[in-house]
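Engineer: Model the full assembly from the supplied sequences, consistent with the hints where possible.
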Amino acid sequence: AQSVTQLDSQVPVFEEAPVELRCNYSSSVSVYLFWYVQYPNQGLQLLLKYLSGSTLVKGINGFEAEFNKSQTSFHLRKPSVHISDTAEYFCAVSVRSSASKIIFGSGTRLSIRP
Amino acid sequence: NAGVTQTPKFQVLKTGQSMTLQCAQDMNHEYMSWYRQDPGMGLRLIHYSVGAGITDQGEVPNGYNVSRSTTEDFPLRLLSAAPSQTSVYFCASSYSGGANVLTFGAGSRLTVL
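Just so you know, the protein sequences line up as chains A and B, in that order. Positions 1 to 114 (our numbering) are the ones given, in order, by the first sequence. Positions 1 to 113 (our numbering) are the ones given, in order, by the second sequence.
Hints are computed from structural coordinates only; laboratory data are not their basis. Only a predicted model underlies this, so the values are computations on that prediction, with no experimental measurement involved. From the three backbone atoms N, C-alpha and C, an ideal C-beta is built for every residue, glycine too. Do not rely on the hints blindly, as some may be mistaken.
[What the hints assert, rightly or not] DEER-style ranges, computed between Cβ atoms:
1. A:I60 x B:P39: 18 to 28 Å
2. A:V29 x B:V101: 33 to 43 Å
3. B:N28 x A:E15: 35 to 45 Å
4. B:T15 x A:P79: 22 to 32 Å
5. B:K14 x A:T55: 47 to 57 Å
Structural biologist: Structure (structure tokens):
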């Protein structure tokens, strides 16, 4: 069975600083990887996904993530954060199957200081 | 398009009561799932379905039942509510699981006293 670990429960950063949110996964087979974002008092929406091909994936709002198979990681990065990036970020994994369940991590709360 | 519709948005139950959280989607998605969100625990998969008549357990299925009689609907039943089931519940759907992006409902906040 697949699983995902988000290493930081909270990440405080100053506005315009870079940020990295860490995600590691575990699976005995190949996987699909996702980052979702939840803004305060809202549901979840997709930030970006890795299915195959280039290991560097670009998403919405200037975020990007890099798939590293040897490290079993899928860390999320942004070179310069804005107050509006304040949210909770979830990493998710599913195995390479047409009808695989999707498992989420415990989330990382990103707080931006002015 | 309505997307994924969850009802009710808020519910307060007493221990031992039963209730059903409703989830409906109008996107002809085959895959539907229920998650619960608790502080520090992220989203944990309760049950999921890959099509009408097919359901399977997720990470935390105990205390919950589901059925999938139609493609559109995937209700979640609490047979005897417990305080440990106090949580925010999200229904999510996609064309199939795997590589497809989930569309989430707005959530249902349940409090069990």
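Engineer: Which numbered conditions among the earlier hints are violated in the structure presented, ordered from lowest to highest?
Structural biologist: Of the numbered hints, 2 and 4 do not hold.
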